[in-house]
Amino acid sequence: MMKRQAFTLLELLMVVAVMGLLGTVSTAGYYAAVSSMEVRGAKESVASVIQAAQQRAATDHVPTGVYFYNQLLREGSVSHNASVVGVAVAVRAGGRVSCVIDKGGKYLVDEFSDLDRGRKVQRRNMSAQDRSDLNNRSSSMRLYRIDTTNKKIEVSEVFDYVVERIDNIDTCDESFATVGGATTNIASYAYQIADGTSNSADSKWRAGDLYGYEIAVIQLPHNMIFGKTIPTSLNSPIADEPVKSVFFRTDGSPRGSTSVSLSTCRTTGANGALSVISTYQSDQVDTSN
Amino acid sequence: MKKAFTLLEVNLAMFVMAMGVLSMIALYPLGFREADQSREDVAAAAYCESVMNSLAAALTATNIPWSRWQSLGNDQATFPDKGWSDYFVDNYFATPKSSSAMRGQVNSTFQQVISGIGGNPYSVSAPSQPRGLACGLVVAFTGTRCAIGVRATRRPAMLLAQPLFFTEVNFQGDLDK
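One line per chain: the protein sequences are A and B, in this order.
Note that the working numbering numbers the first sequence so that position 244 is 452, with each residue one more than the last.
Note that the working numbering numbers the second sequence so that position 176 is 245, with each residue one more than the last.
Hints are supplied without guarantee of correctness; some may be wrong.
[What the hints assert, rightly or not] Partner residues aside, some chain A positions facing chain B, computed with beta carbon under 8 Å: (1) Met245; (2) Met349; (3) Glu365; (4) Phe367.
Just so you know, these hints were derived from the structure itself, not from any lab.
We put the CB at the ideal spot given by N, CA and C, even for glycine.
Input sequences plus hints: build the corresponding full structure.
Below, the structure is given as structure tokens:
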């Protein structure tokens, strides 16, 4: 019998066919892997912001929450689709509004806040003249109204102050700034709601409301949004569309669900229209401790 | 015993090799195109980041008077038909502008914002743009918030399909002026 020394053409063709098949499968698998890595990365970053809120709740012993929303930016006329950016904000409770003053602007005063805790308010303009004014004004910020009863977080745009002479802005309770008939300077936080804004929380603030501010913010990749549907309503250049809020108690335990759905989208045309491809649930944070 | 390749075998081997070599050569343009695309993506991303950060830096200056900030917002009061977004509205989708026209518009918008806040607090200027790069810039004001969105690509018709570089800044200026 003659010893076989070479591959036959059929064998070679079989090898080529198998290699082609493997190549095709692996290419598709590669793109699927890249896509799933992006989804996994987004889910992990969402989980990390939830975890940050949870850890802050446990370490600072204050209620915290995470506010998920889609931010819409109008890049063209109303006939064009708005751009959507998924944003998650971890919110730490900073205190409670002790009174609301609605005179010459709406002020949310927290008379009992520890000025050395929480957000560091810049003390600028500390000249003698400025000190004689009612405050040491700081910059604008987003102040979150934490409504644990209805499980909602809403936002107002405010200027934050360290009020040095609370009596000068006409306190809600005159006796507050008066001790034994004499006016007393008491440093307090006060937030003035910025004029010209129309946020959902602006008209809802009441004495006793829990307020908070951002401790961590993440943005989803450009082709991902929170929730399962593409937000559409946009009557101003920029707008927020709330999706969900989650809360943690002062011991770090969650109130209800701690995950949120997020969807991957595809741009379907040059006008930027998006369509949802898949929807995922973000990773659950381990809340067993 | 077989001692040499037959002509048929040699021909077959040459054919298979030729196919392989030709396939590899055919992939070259694809590789070049991908390399070009990647270079363009990097340039576009760098440009977008640069525009976004320059504007964000200028808009977070602590000496911007509140009245000026508000008037910037008022300039787009008739939004979406006027204001910083107007270049997108200018029949862009019906008749895409050239890359150079779009770059000029971004520069113009950039300068409008800078002059709108009363000068150039940190001496920022519109970053120089890579040739042939079509870009879009939207600077939108609402209350104390300002959203900055930038896109760039070498294919103007696909501008809105490109990743959006987006950031938001809050007013940090002087409320009393």
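How the hints compare with the structure:
no.: 1; hint: Met245; verdict: violated, 17 Å
no.: 2; hint: Met349; verdict: holds, 6 Å
no.: 3; hint: Glu365; verdict: holds, 4 Å
no.: 4; hint: Phe367; verdict: holds, 6 Å
Going through the hint list in order, the structure does not satisfy hint 1, though it satisfies all others.
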